[in-house]
Amino acid sequence: MFFEPDQFRKFMEPGAFQKQFFEQMETMFVEKLGEMLRDPDFLEKISSSMGTGLDSKKKADAMSKAYLEKMNMPTRDDMSKVLQYLQQIEAKILDLEEKIEDLQDEVAELKKKPAPKASASSSAAKGRAKKDG
Amino acid sequence: MDNEQQTMMSEEAKELLEKNRKYAEVVLKSYSLSPDDFDRIKTELKLAPTPKEVIHTECSVKLYRYTPKKKKLHSVPLVIVPSLILKYYVMDLITDHSIIEHFVNQGIDVYLVDWGVPGDEHGKLTFDYYIDTFLRRCVRKVMRRTGSKKINLMGQCLGGTIASVYAATYPEQINKLLCLTTPIDFEDAGLLSLWTDSKTFDIDKIVESYGNVIPADFVHACFQYLDVKATVQSYKKLYNNVLDDNFLYYYRALDSWLKDKIPFPAQVFKKFIRELYQENRLAKGKFTVNGKTADLSNITCPVLNVVSQFDHVFPEKSAKALNDLVTGETEYHVIPAGHVTLVTIFPQRFETFRVMTEFILKD
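As you go down the protein sequences, you meet chains A and B in turn. Numbering-wise (my numbering), the first sequence opens with residue 6 and increments by one. Numbering-wise (my numbering), the second sequence opens with residue 30 and increments by one.
Careful: at least some of the hints might be erroneous.
Claimed, not checked - Computed list of lysine-lysine pairs in DSSO-like fashion (alpha-carbon distance at most 27 Å, straight line): (1) K300/B - K86/A; (2) K71/B - K266/B; (3) K62/A - K266/B; (4) K63/A - K153/B; (5) K50/A - K258/B.
No wet-lab data here; the hints were simulated from the structure.
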């Protein structure tokens, strides 16, 4: 007999093989990937391939831009400019709104203060005005 | 094997098959989500459930006020600044898993700055603009609306960095500062520091190639590799509990939030990587906002710094640095959870909720 009865039962248990397989995979995967992600050589390779990818993207973008311009169609840059312009207008409106609020506050503060009593010179001036009238 | 044993084995085999089928279904569904699916999922799973209203908008930014539940509110309003990397609603994930719901129930007047989804119109907007215009305007709105001369400012993750910079720039507006898993010292700040090193990470080239916004997939590509073991463990946990409906509901809620990624405004990303990660200016007291130095020693108000013990995104050390840089009295708490799980899992989230609420409500 190749297996003892207990071993055979364990082997036949549903999921036992799957469990063992994944546990071993997990240990190996975590260990190796963890090491790789800290390895300066690997990071340099990733960086260089990312650089190549970004260069290709730039070229593809330039090509599609030139194509759209020839077709007399708005490019993404054109759309962005419009959106950025709208954003600037909105910001200006909100800046103005803040200024108006500040002015309203100042007016409210002034209203709260008691009205200054008429000074002697201004009463005299009022008296003169009455006489002249 | 007798008949009884055979029946038991076939039952176990059936369950195993069902488990495998369901697991494959959940994982495939999760990976096939498209940006258009999230509104439907948010309704289906009842994500971000705490009632709120929009009280101010500018560009993609929205300022929410959460509907109070108590008549008498705490005198100082709380403004929450979420991270720019993912959406705000991890702080209001589902009922009973929401720090915002907890604050509202405790009578705190809660406001939240939702950065929205940046588009091409954000192309020229800088980090300084986000702090000195978007956030400043939101704080101003809250102060005018409530009549309060000061606010309590809370930031989560990168939102905490933004909140700290704001508090250092406008210290006169801040009553208390609350930071949740907030990176401050970026030197030797884990794998992200290594990966964004100027020798291998050419930020100018990336920004130039992508233009106005850095795509969400680019920004998020790295996160699942920050802690490979934790990533594998989360799938393992899903597999083991995939037949438990309660677990599955919670898993889908958190997973949907994680997949609901947003792009990063390019100029903001540039300053974030160069001046924070590569030059570590904030911790060195050299970070500026529109020419004004955001020196953290300007923060004289009480500060609560809550960090997670097993943070794989920003190590504890990176967040702890805040304690020594501010001049205000600092309360420091380490929660035995991960970067996100400290506000979502049981029982750790209740400890986070308690610590933060007590800090806000105490005189």
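Structure-based check of each hint:
no.: 1; hint: K300/B - K86/A; result: 22 Å, holds
no.: 2; hint: K71/B - K266/B; result: 23 Å, holds
no.: 3; hint: K62/A - K266/B; result: 39 Å, violated
no.: 4; hint: K63/A - K153/B; result: 19 Å, holds
no.: 5; hint: K50/A - K258/B; result: 23 Å, holds
Violated hint for the displayed structure: number 3, the only one.
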